[in-house]
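Enquirer: Each chain is listed here by its residues.
Number of protein chains: 2
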Amino acid sequence: MTDKTDNTDWLDAIKWNEDGLIPAIAQDVHSQRILMVAWMNREALQLTVAESRAIYWSRSRNRLWRKGEESGHVQRLHELRLDCDADVVTLQVEQLGGIACHTGRQSCFYRVYRDGAWHSVDPVLKDPARIYEAPHE
Amino acid sequence: MTDKTDNTDWLDAIKWNEDGLIPAIAQDVHSQRILMVAWMNREALQLTVAESRAIYWSRSRNRLWRKGEESGHVQRLHELRLDCDADVVTLQVEQLGGIACHTGRQSCFYRVYRDGAWHSVDPVLKDPARIYEAPHE
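Chains as they are written, first to last, in full-length UniProt numbering: chain A, 1 to 137; chain B, 1 to 137.
Pulled out of the complex, with its shape left as it was, chain A reads as follows (with noise of 0.2 Å):
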């Protein structure tokens, strides 16, 4: 191993929260556009790194989740950055497939408030049902 590689001081740096995750907020590369917001272990940001991709910790599954494994709908990774408080990391990515809500929306965050309550304002690209039976890239 290279030195590097050897390198986790930027691990160390990060404040992992009591249960050894971060909150990682993915922003789409091309329009700037905050596609969702996951978890990411130590494990899980190293290999984000490592393989250039999105790969989060499932506090559900509670494993490792590289995003679009199932869906191929894959995050791949441009720039990641760490705020001030060294406690919330964003990730610009090109978002394969266009699609990163398993709604089958572009974004997680399709409904904005107005008048008291939450509207739904973005379409659904691709059924759900289907996104999941899809052949992985």
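Treat the hints with care, since some could be wrong.
To be verified - With beta-carbon atoms standing in for the labels, derived distance ranges:
| hint | chain 1 | residue 1 | chain 2 | residue 2 | range |
| --- | --- | --- | --- | --- | --- |
| 1 | B | Ser31 | A | Glu43 | 28 to 36 Å |
| 2 | B | Glu133 | A | Gly98 | 42 to 50 Å |
| 3 | B | Glu43 | A | Thr8 | 38 to 46 Å |
| 4 | A | Gly116 | B | Gly116 | 43 to 51 Å |
| 5 | B | Gly116 | A | Glu133 | 37 to 45 Å |
| 6 | A | Gly116 | B | Ala117 | 41 to 49 Å |
| 7 | A | Glu18 | B | Ser52 | 33 to 41 Å |
Unchecked claim - Below, computed lysine-lysine pairings styled on DSS-like, alpha-carbon distance capped at 27 Å:
| hint | chain 1 | residue 1 | chain 2 | residue 2 |
| --- | --- | --- | --- | --- |
| 8 | A | Lys126 | B | Lys126 |
| 9 | A | Lys126 | B | Lys15 |
| 10 | A | Lys15 | B | Lys15 |
Stated by the list, open to error - A short list of chain A residues far from chain B (calculated; beta carbon distances all over 12 Å):
| hint | residue |
| --- | --- |
| 11 | Gly20 |
| 12 | Ile25 |
| 13 | Arg33 |
| 14 | Ala38 |
| 15 | Arg42 |
| 16 | Glu43 |
| 17 | Arg61 |
| 18 | Leu64 |
| 19 | Glu70 |
| 20 | Val74 |
| 21 | Gly97 |
| 22 | Glu133 |
For the record, the hints were derived by calculation from the structure and aren't laboratory data. Each residue gets a CB set at the ideal place from its N, CA and C atoms; glycine is no exception.
Once you have looked at the hints, place chain B on chain A.
Expert: Just chain B now, kept in the frame of chain A:
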């Protein structure tokens, strides 16, 4: 009071965490840059809508934090969105003063990962010591 202000269904729809909080991502309405992430409790979110400006819950100070109350760097609300899991909100904001970060930078996400390290790549626009002695707006 009107029916509209009595209605809190939109707040009940949110999955607050065990501390009664939700992460809020502020994004610049003009540049679409992600400016910061902070927390809101129920009252903070309600007031954010009522006053059309970002009001967070400061976990360190354990009180409401009207963004800009000391710095003048108020965030005027343009749009509020909720994600599919109802546990993160995004705010499109107009950032007064052009500075969201307490370090005097436009965004809190001023560190980029490159070659095994975080690199500060964004300029300090105003000395933090001067930000917090400025008169309130």
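Enquirer: Could you check the structure against the hints above and give me the numbers of any it violates, in ascending order?
Expert: Checked against the structure, the hints that fail are numbers 8, 12, 13 and 14, while the rest are satisfied.
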